[in-house]
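**Q** Fit chain B to the supplied structure of chain A, relying on the hints for placement.
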Amino acid sequence: MSDDTLNKALFEFLCRMGDNTLVLGHRVSEWCGHAPVLEEDIALANMSLDLIGQTQLWLGLAGELEGAGRSADDLAYLRDAFDFRNLLLVELPNGDFGKTLMRQFLFDGFQSLILTELTRSSNERVKEIALKVKKEVTYHLERSSDLVVRLGDGNEESHRRMQQALNELWPYVGEMFIDEPEDKLLSEAAIAPLPSSLKARWETLMRPYFAQAKLNVPDEGYAHKGGKHGTHSEHLGFILAEMQFLQRAYPGSTW
Amino acid sequence: MKNEWPLWEVFIRGQHGLAHRHVGSLHAPDAEVALKSARDVYTRRNEGLSIWVVKAEDITASSPSEKGPLFDPSQDKVYRHPTFFPMPEELKGL
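Quick mapping for you: the protein sequence lines, in order, are chains A and B.
Numbering follows our numbering, in which position 152 of the first sequence is assigned residue number 152; successive positions increment by one, without gaps.
Numbering follows our numbering, in which position 46 of the second sequence is assigned residue number 46; successive positions increment by one, without gaps.
So that you can see chain A by itself, here it is in the shape it has in the complex:
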């Protein structure tokens, strides 16, 4: 395998990591000023900023590796939807507060497992980023799991909403664990784990929380996919229209 092939695979992978945090960070930021209570408003805004910060690291490294002179900002603001590599899960509309939390919880579990693996990456730069962001993500998971348990095992209405959120989001979980050709190359080079290898651990990690939250985990069933190689739902286009407007309308502007 040539270095070039491996580099391209790593670029794809870094875009997947960076686009997940970018798109989810944008979604979470939509709550700013709208959360049900002040404390949650601030917590969500914090988390959104954490995710955007992580994006800068992943996409920054992607741009560097690509060697075409693109910065993290260029990748975030000047690519089209079909160039985005995020999971469909993170681009879904927020729904109610419970659904936003459930989406966060499903993602945090996955993210914490993949980051644990990446802290042992054979690629020093990837390892460095993973070590840096692991703490943030550990906290995100603590927080989202806490709230999922409290709302799931809360009152009748909160339980109903959390169960509905889980049912609606479940078909988007499977995509996290699909191996793409790039994943196989990176796994052989010990740079990143095979997503499929995380599935059993994700179940082990998440099931106790679902049980505590008194939520029924849906059957495996159908999994939506396509995000990892650029086939997105219509929602991503709307996110990008808002997120990229300024740089598209006023190229290079800063403030």
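What the hints contain is simulated information worked out from the structure, not anything from laboratory work.
Treat the hints with caution; some may be incorrect.
What the hints assert, rightly or not - A short, non-exhaustive set of chain A residues, derived as facing chain B with CB atoms under 7 Å:
#1 E39
#2 I42
#3 A43
#4 N46
#5 R143
Claimed, not checked - BS3-like cross-link-like pairs, simulated, lysine-lysine; straight-line CA separation at most 25 Å:
#6 A/K135 to A/K99
#7 A/K214 to B/K92
#8 A/K214 to A/K199
#9 B/K36 to A/K132
#10 A/K225 to A/K99
#11 A/K99 to A/K214
#12 A/K214 to A/K134
#13 A/K134 to B/K36
#14 B/K77 to A/K99
#15 A/K214 to A/K184
#16 A/K8 to A/K127
#17 A/K132 to A/K8
#18 A/K135 to B/K92
#19 A/K199 to A/K184
#20 A/K132 to A/K99
Even for Gly, the Cβ is constructed at its ideal location relative to N, Cα and C.
**A** Just chain B now, kept in the frame of chain A:
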């Protein structure tokens, strides 16, 4: 409002502080969530090393109207104030 979460008082021990200081309050359904919210609301700028949260209703406070009887008597007893001793220079943090 009946459905509102209870109020918690937040105390934070800062980078160089020796004791926890009251920094504010927040609403939360229970202690664990209060702790996490305190982290998000009050330590965003690297202020803290340790957080305490206490349910506001569990704090017994002196009444402002008792201020006179409680505190005035100590004002005219200067011999109780520790101002007659020079502080050793090695002593930090007081």
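**Q** Is the hint on A/N46 kept, meaning its closest Cβ partner in chain B is under 7 Å away?
**A** Holds: closest Cβ of chain B sits about 5 Å from A/N46, inside 7 Å.
**Q** Measure nothing beyond the straight line between the CA atoms of A/K225 and A/K99; if it is 25 Å or shorter, mark the hint as holding.
**A** Status holds; Cα separation ~20 Å.
**Q** Given the hint that A/K135 pairs with B/K92, test it: the Cα-Cα distance must not exceed 25 Å.
**A** violated (33 Å)
**Q** For a C-alpha distance cap of 25 Å, please report whether A/K214 and A/K134 respect it.
**A** Cα-Cα ~28 Å, so violated.
**Q** Sort out whether A/K99 lies within 25 Å of A/K135, counting only the CA atoms.
**A** holds (24 Å)
**Q** For the hint on A/I42, just tell me whether its beta-carbon gets within less than 7 Å of chain B.
**A** holds (5 Å)
**Q** For A/K214 and B/K92, compute the direct alpha-carbon distance and say whether it is at most 25 Å.
**A** Violated, because 53 Å separates the two Cα atoms, which is more than 25 Å.
**Q** For the pair supplied as a hint, A/K199 and A/K184, confirm whether the alpha-carbon distance does not exceed 25 Å.
**A** Judged against 25 Å, a Cα distance of about 16 Å means the pair holds.
**Q** Within a Cα-Cα threshold of 25 Å, do A/K99 and A/K214 meet the stated pairing?
**A** Distance ~16 Å between A/K99 and A/K214 Cα, so the pair holds.
**Q** Taken at face value, is the distance from the CA of A/K199 to the CA of A/K214 at most 25 Å?
**A** holds (22 Å)
**Q** Between the alpha carbons of B/K77 and A/K99, is the straight-line distance 25 Å or under?
**A** violated (63 Å)
**Q** Does A/E39 hold up as a contact with chain B if the rule is Cβ-Cβ below 7 Å?
**A** holds (4 Å)
The structure does not agree with the numbered hints 7, 12, 14, 15, 18, 20 stated previously, though it agrees with the rest.
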